[in-house]
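What follows is each chain in one-letter form.
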Amino acid sequence: MRSLIERYYEEAFFESPCGEDQYVNQHTNGICVVGVAPGHPIIAEKKRVKKVNFDITNKSRLDNKVVGKGKKGGLWLDADTPLCTIECDDGSLYTLRCCIRGSLLEVNDRLVHQPTLIGGSGSGSGSGDGGGGGVGGDLSLTEGFLAIVMPKKDEMDDVTKGLTSYHDYCTKKGLPITRQKIPEAEKEYVFE
Amino acid sequence: MDASEIQRRCNNILHEFKSKTTWTDHFPGMAALSNCGCCARCALRFTNQKSMPLFQERIEVLEAIIEEIKKIVSPPTAMSDTEPPVETHAEVGPASSSSSSSLPTTTSASRPVCTACFNILADAGSKSFTEPFLDRMSHSGYEFHDYTLTLQLPVSTIVRQCALWYHLRSLFPGNSLYKSENPEQHVVDIKEAVKWILGPLISRRLNYSFKNGSDFKANLVYLHAESSTEHEFIEAANEGWNKKRKTKKGTPRQSDSLANVSKALTLLPENLFCKYGVVPPQRVHALFTYNLTFNHESVYVAGRYNKYVRDLSQTPWLIDGELKSKDSVETLISQHIAPLFECDEARFSASGREDIDVRMLGSGRPFMLELINPHKIMFSREKYAEVEARINAHSDKIRVTRLQRIRKNQTNALKEGEETKRKTYKCCVWVDRPLTKADLDTLAQIKELEIDQKTPVRVLHRRSLATRRRTIYHITPEEVNGHFMFLTLSTQAGTYVKEFVHGDLGRTIPNVGTILGCKADILQLDVLEIEIDFPKQIDEPKPFSFSHSSSSSSSSSTSSSSSSSSTTQPSNMNIDSKPPSETAPS
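So the sequence lines, in the order shown, correspond to chains A and B. The opening position of the first sequence corresponds to residue 1 in the working numbering, with each subsequent residue numbered one higher. The opening position of the second sequence corresponds to residue 1001 in the working numbering, with each subsequent residue numbered one higher.
One thing to keep in mind: the hints can contain errors.
Unchecked claim - Lysine-lysine pairs mimicking DSS-like chemistry, simulated, CA-CA at most 30 Å apart:
| id | chain 1 | residue 1 | chain 2 | residue 2 |
| --- | --- | --- | --- | --- |
| 1 | A | K69 | B | K1326 |
| 2 | B | K1437 | B | K1415 |
| 3 | B | K1397 | B | K1191 |
| 4 | B | K1217 | B | K1127 |
| 5 | A | K69 | B | K1421 |
| 6 | A | K72 | A | K59 |
| 7 | A | K72 | B | K1415 |
| 8 | B | K1415 | A | K69 |
| 9 | B | K1415 | B | K1426 |
| 10 | A | K153 | B | K1217 |
| 11 | B | K1408 | B | K1421 |
| 12 | B | K1421 | B | K1447 |
| 13 | B | K1217 | B | K1415 |
What the hints assert, rightly or not - Only part of the chain B face toward chain A is listed, based on derived beta-carbon distances under 10 Å:
| id | residue |
| --- | --- |
| 14 | V1278 |
| 15 | V1457 |
| 16 | S1464 |
| 17 | L1465 |
| 18 | R1469 |
| 19 | R1470 |
| 20 | T1471 |
| 21 | G1503 |
| 22 | R1507 |
| 23 | K1519 |
| 24 | D1521 |
| 25 | I1522 |
Hints are computed from structural coordinates only; laboratory data are not their basis. Yeah, the Cβ is synthetic: ideal placement off N, Cα and C, and Gly gets one too.
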């Protein structure tokens, strides 16, 4: 059975030169969910996240407000605009970026009180404390997302063009390819 | 009516006039108007006597009266004419009346064109107009219970009315009859007078009943091309008139509507009017023309639908051409109903909707179809039952029940329930670890659980971002095997059930995953029940009973509580069929 991500999202990855990879999952409707990829040291080295800080240059992404159907008023982000900084128990500090161009809809405010949602794995019990067991950090792909970003209407098709595909990324990083390949013809059109 | 009869009627009426100063005071004015080229009825209008029977008199009688009045006012030696009357007019449609022309007034076979009404009023009762008009009225192609006639006049009529008024004021200065600077309240409106004549005519000849605010409208638009620019001098004369024209881009010239021109005239002083306008108004050569169009108020059909498949959208989903679902619930229903009504458009709306991959079971979801400008409206309850059966036979994918006509004021009920009602769902849920009895008990014990749902990502492209608090009233779990179970849930309207199960990346809290402490996902979802009683269930026909008074437009109701309609009918008769005398011939 295909998971939520497999059903609704196309997975793509931003490979950073220093290995601080992030994912960009694009929903069928074009909206993107951005987060920490399995190749990122936080997940690959099974670090425990101590704090997620959304305050960048005095503009807290937590204060982002969008109004109306058009979702107006969101912070405009470029690919290299920082989203947040993550501090781990071992003292390491990472900056995470947007990776795509778009308007910020929301950041994952649950990370303020439950930073271990990033790097956690296994059952999504809300405490997000997993560590070890199963595919490391798979919560990061779901409940541990960082932000939801809406690209411009005419850029929606191109926004993931510079990124690495799921298949290539898994091959490069030696990750199991769990996503089922469905022939184009049988792809069910998921409207919502 | 032959010449002697005309003369006799003329004498009778004249005798009446002469005995009252309310009439004799108007004689000079009436004569003057006639000399300006006004028809007899228009001359009458300026007396402001709203006498229906008088206007309904045959035009020949009225013409005879005017001739007599002219003789009284200025005995034959004095000529007060300004111009000789213009002879024939352009032919429009069938030949003008060729009957009685043996009277002394008209020297030509046809009537000259009135300077005030272009013969709109003069010919209103004459066969040359009435025959084609009645013919078109009776062949409208519409079914209706009663009618309203709306009239629209050429703008120049109001300008000329003003011009004639000012002419009278200049001819009879100081006369108290014309002391007002504005003719508006002092002259009978052409529209009114036309209705006095046409109304009874339509009633008598076609047997249609007039009703103010009827659903069926006959729109009679009079036109007169020759005089169409006569009002334009007003703008030049009155700088700054109707600033609207300057500010709005791209909108059609509203300034040229009769209402606007009429308003501008009230603001334009008499001296400016006389300076820039034509007083008295010029003679015209062309007769009026007209357009007759019809329109019927929307009619509403409601019912409930079930959807039994997981690949049918509710409404046609268009991307460029047509996408996956060529069919939709809407088209499967509408295609059997709309053609019957011969309407311009059929608009579908439902009380909420389900996703394409969600079935609609139970007693179905309420919907309604608004049929815009329907030509045919009278269908019996049997007919609705027949259409319903036909829809159901045509496709296994949907089913329609309770199909009936509803009244406009019942349409609100459709949307009202959306926010407040309860809905029951059943879904198939997968969890990532084996289910325990404790899990099932936890779920079964839930009563009125409040959840906060952020707008699901899957609809975020078209809905605003917000957090919605909803209530899960209760859950009935049924284990299928270790990892699968069915959940039957009763929730508040507007709850996203799919997101309650899988959590939508943790944006719906709590969710089944957080409640059970595992990962959960939803495989399939059905809507079992929508708790709203709309439209009402259709009974078996009740026994015949005269004491009932039921509305003439709802084809059924369990409680005939709607007693606001005027017609009293036994409740089981064909609600939409009228007593024979009122049916429009098709």
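query: Any of the earlier hints contradicted here, and which numbers?
result: 2, 3, 10, 14, 18, 19 and 20
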